[in-house]
Amino acid sequence: QITSMQATADVTKKESSWSSWKGQGTDVNVKQSGAVFSGVLLLLFSLTQFSVVSVGAYLALAALSATISFRIYKSVLQAVQKTDEGHPFKSYLEMEIALSQDQISKYADKILLYSNTCMKELRRLFLVQDLVDSLKFAVLMWLLTYVGALFNGLTLLILAVVSMFTMPVVYEKHQAQIDQYVGLIRTQVNSVVGKIQAKIPGAKRKEE
Numbered sequence: 001q002i003t004s005m006q007a008t009a010d011v012t013k014k015e016s017s018w019s020s021w022k023g024q025g026t027d028v029n030v031k032q033s034g035a036v037f038s039g040v041l042l043l044l045f046s047l048t049q050f051s052v053v054s055v056g057a058y059l060a061l062a063a064l065s066a067t068i069s070f071r072i073y074k075s076v077l078q079a080v081q082k083t084d085e086g087h088p089f090k091s092y093l094e095m096e097i098a099l100s101q102d103q104i105s106k107y108a109d110k111i112l113l114y115s116n117t118c119m120k121e122l123r124r125l126f127l128v129q130d131l132v133d134s135l136k137f138a139v140l141m142w143l144l145t146y147v148g149a150l151f152n153g154l155t156l157l158i159l160a161v162v163s164m165f166t167m168p169v170v171y172e173k174h175q176a177q178i179d180q181y182v183g184l185i186r187t188q189v190n191s192v193v194g195k196i197q198a199k200i201p202g203a204k205r206k207e208e
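Residues 1 to 208, numbered by the UniProt record's numbering, are exactly what the sequence shown covers, in order.
As a list, the in silico DSS-like pairs of lysine-lysine whose alpha-carbon atoms are at most 25 Å apart:
(1) K90 x K74
(2) K31 x K173
(3) K120 x K110
(4) K120 x K136
(5) K195 x K136
(6) K120 x K106
(7) K136 x K199
It should be emphasised that the hints constitute simulated quantities derived from the structure, not laboratory data.
Turn these sequences into a full structure, and let the hints steer you where they fit.
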C-alpha cells in the first residue's frame with residue numbers, strides 16, 4: 001500500500017509539473033505572439049502615415065540609438081569597474097548569418113515551384129479550360145473591384161494581419177457554430193454551381 005501511495009504521489013507530481021510547464025509555455029507563446037502582432041501592426045499603421053523610406057529611416061535610427069547607447073554604457077561600465085569583457089555584441093558579430101548554397105537552392109526551388117504553379121493556374125482560368133472555375137474566378141474578381149473601392153492595399157494588409165492573429169482564437173472558442181455555418185454556405189454554393197452546370201452547355205465537369 002505504501003508503494004502504491006508513493007507511485008500515485010509521483011504520478012500526481014509529474015502531472016502537476018507537466019501542467020505548470022505547459023502553462024508557462026502557453027504564456028511564453030502568448031507573449032511572443034502579442035509582441036509580434038504589436039510590432040507588425042505598429043509598422044503597418046506607420047506606413048499609413050509616412051512613406052516606406054521614412055519608416056525605414058526611423059526604424060534604423062531607433063535601432064542605432066539603442067545599440068550605440070548600450071555600447072557606450074558598457075564601455076563606461078568596463079572603464080569604471082576596470083574589467084575587460086570585450087565588445088558587448090561580440091557573440092552576435094561572430095554569429096554566422098550567411099545563407100549556404102544549399103539553402104539558397106532550396107528557397108529558389110520553392111519560389112520556382114510556386115511561380116510555375118501560379119502561372120499554370122492563371123493560364124487555365126483565363127483560357128477557360130474549365131468553364132465553372134473560370135466563372136468562379138470572374139465572380140471573385142468582380143467582388144474584389146468592390147473591395148478595392150472601399151479599401152486600399154495597406155488597409156487590407158492590416159485587416160489580414162489582425163485576422164491572422166484573432167481568427168484562430170475565435171475559431172477555437174466557437175468551432176462548432178463556425179463549422180455549421182461554413183457547411184451550410186458550402187452546401188448552398190455547391191447547389192448554385194450545380195444549377196449553373198446543368199443550364200450552361202459545356203459547363204459540366206468531365207469525369208476523370
